[in-house]
Amino acid sequence: MQDRPTAEELAAAARAALLDNVAPSLTGEARKETLMAANALAMIERELKWGAEVEREELASLSELLGAGEESQASTPREQLTQLNRRLVDKIRGGEFDDPGSRRNKIARFLRGVTIAKLRISNPKLLAWEEQADAPQQAVQPAVSGKCNG
Amino acid sequence: MVVDDEARARLAAFLAPAASASNVEIRNVTSLAGGTLQENFLLDVVVSDGPEAGARRYVLRATRPGSIEGSMSRAEEFAIMRAVHSVGVTVPEPLWITQDHGIIGAEFLVMRFVPGIALAHRIVRDPRWGGERQLLAERIGREVALIQQVRPGHAGLEFLPVPQRGAAQELIDSLRLYLDREGTPRPAIEWCLRWLERNKPPRRSPVLTHGDFRTGNYMVDEHGLTGILDWELAAWGDPHLDLGWFCMKFWRCGQFDKEAGGIADRQDLWRGYQAGGGRQLVPEEVMYWEVMANTRWAVLSIQQAARHFEGSLASLELALTGRCTAEMEYEALRLIALVEKGAKI
Numbered sequence: 001m002q003d004r005p006t007a008e009e010l011a012a013a014a015r016a017a018l019l020d021n022v023a024p025s026l027t028g029e030a031r032k033e034t035l036m037a038a039n040a041l042a043m044i045e046r047e048l049k050w051g052a053e054v055e056r057e058e059l060a061s062l063s064e065l066l067g068a069g070e071e072s073q074a075s076t077p078r079e080q081l082t083q084l085n086r087r088l089v090d091k092i093r094g095g096e097f098d099d100p101g102s103r104r105n106k107i108a109r110f111l112r113g114v115t116i117a118k119l120r121i122s123n124p125k126l127l128a129w130e131e132q133a134d135a136p137q138q139a140v141q142p143a144v145s146g147k148c149n150g
Numbered sequence: 001m002v003v004d005d006e007a008r009a010r011l012a013a014f015l016a017p018a019a020s021a022s023n024v025e026i027r028n029v030t031s032l033a034g035g036t037l038q039e040n041f042l043l044d045v046v047v048s049d050g051p052e053a054g055a056r057r058y059v060l061r062a063t064r065p066g067s068i069e070g071s072m073s074r075a076e077e078f079a080i081m082r083a084v085h086s087v088g089v090t091v092p093e094p095l096w097i098t099q100d101h102g103i104i105g106a107e108f109l110v111m112r113f114v115p116g117i118a119l120a121h122r123i124v125r126d127p128r129w130g131g132e133r134q135l136l137a138e139r140i141g142r143e144v145a146l147i148q149q150v151r152p153g154h155a156g157l158e159f160l161p162v163p164q165r166g167a168a169q170e171l172i173d174s175l176r177l178y179l180d181r182e183g184t185p186r187p188a189i190e191w192c193l194r195w196l197e198r199n200k201p202p203r204r205s206p207v208l209t210h211g212d213f214r215t216g217n218y219m220v221d222e223h224g225l226t227g228i229l230d231w232e233l234a235a236w237g238d239p240h241l242d243l244g245w246f247c248m249k250f251w252r253c254g255q256f257d258k259e260a261g262g263i264a265d266r267q268d269l270w271r272g273y274q275a276g277g278g279r280q281l282v283p284e285e286v287m288y289w290e291v292m293a294n295t296r297w298a299v300l301s302i303q304q305a306a307r308h309f310e311g312s313l314a315s316l317e318l319a320l321t322g323r324c325t326a327e328m329e330y331e332a333l334r335l336i337a338l339v340e341k342g343a344k345i
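Those protein sequences? They're chains A and B, same order as listed. Following the working numbering, the numbering of the first sequence begins with 1 at its first residue and continues without gaps. Following the working numbering, the numbering of the second sequence begins with 1 at its first residue and continues without gaps.
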């Protein structure tokens, strides 16, 4: 059993060290690089927290979407996901979901869900903004006028 | 790349006849921020005589070693800058070009120094730069219209391929080709490509497009626009390509509700474009090209990250770009869903 700090805690500590103790005394390219490293560590921490769960959920949704009989032959979840996603890509390219309707909507929702799960790890700030921007969606959308006279 | 004393001497020897002068003294060579494909240097020189006589500042733009195949040469970029400069686009004056690697170790072009900043983060947050925001966006729209005055047949641009099957379809095909070569299945991007293919607007006559026109690729001083930079992705394309790219959420530098480049509304950009002689815009058609922009950059972000993984350039920035793909996927999916719902964007 690995000793503490856990991998998550290590990533968090390294990030804090860079932000609190290194970045403030830097400028220019070195500062930019340090902030990027801190950002990468934040992503690593979130992926350690949620990565496995996200992968499991994607695998479950995708298996359900593609229906019984599409079981993957591969072993690891990532290999299974790759295979299933490849099948999904073939179906999309083949036009299977082109017609408007519930099947198309299901795939669209799935894709949106997968993308949101990725953003939860890579850019939660953007996700938070998107979620609050979505909230008043039922209100009047500013219509884009076709007239653009200056 | 380091411009050592010997390289400096060779550079001075190149600059003198180029500037029609008897002598050029290089006082200073300062490294500037560059992309991953080029390096830029600020040259402080004294030109002895001729039309450039006096103390001058130039920017030298050299190709980095290990640059990817298929990216534009400096000679080609120089030709593009000459073309847009000739129709009045606000671009640093392109002065000289050489393909002689023996001078500083790479081919390079020299352009006139333009004052100001290009830092996207500063421009979108600091109102002291760029002047009034709405006017800046309008000005940028006018510049896009000016760029489009350059058409296939323009002297010096014969190297640019003219789309034969329509700009949209060719772009869709090239993106799919890359995805297939790279191998990872990307259903979200495929979804967008399928939508783009099935919802193509009418084919427009190809015009010159900047190809990467965004906040971060233009310079401003305290009053307004001073120069549009980084022309190496320029190509013949659809007139809406640059407008769509400029308004991508990803390029708003965190100012998400400032639709046009993080500085103003889409309407401001479009107003400037049409006032500058651009075609009458149909919102649905512009938004198609915003979906295209997000899809294109989604694929390019994969390509950028691959440069790091393949070992051609170890770069945390490139690696992190691979984690940005989801942002473009999200935005493209969101825009498509809005269009399909019949919502006004």
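Treat the hints as calculated values from the structure; they're not laboratory data. These numbers were taken from a predicted model, which means no experiment stands behind them. All residues carry an ideal CB built from backbone N, CA and C; glycine is no exception. Careful, some of the hints might be misleading.
Quick list of the computed label-pair ranges, beta carbon to beta carbon [as the list claims (entries may be wrong)]:
id : chain 1 : residue 1 : chain 2 : residue 2 : range
1  : A       : ASN105    : B       : SER31     : 50 to 56 Å
2  : B       : GLY131    : A       : ASP20     : 36 to 42 Å
3  : B       : GLN99     : A       : ALA60     : 55 to 61 Å
4  : B       : GLU182    : A       : TRP129    : 27 to 33 Å
5  : A       : THR27     : B       : ASP49     : 37 to 43 Å
6  : B       : ARG165    : A       : ARG93     : 36 to 42 Å
7  : B       : PHE159    : A       : ARG93     : 29 to 35 Å
8  : A       : GLU57     : B       : PHE309    : 39 to 45 Å
9  : B       : GLY131    : A       : ARG104    : 44 to 50 Å
10 : B       : GLU317    : A       : GLN132    : 24 to 30 Å
11 : A       : LYS49     : B       : ALA13     : 57 to 63 Å
12 : B       : ALA13     : A       : GLU79     : 27 to 33 Å
13 : A       : ARG104    : B       : PHE159    : 38 to 44 Å
Under the rule of at most 27 Å between Cα atoms (straight-line distance), these lysine-lysine pairs were calculated in the DSS-like manner [what the hints assert, rightly or not]:
id : chain 1 : residue 1 : chain 2 : residue 2
14 : A       : LYS118    : A       : LYS106
15 : A       : LYS106    : B       : LYS341
16 : A       : LYS106    : B       : LYS258
Hint by hint, where does the structure go against what was stated? Just the numbers, ascending. 6, 8, 12 and 16
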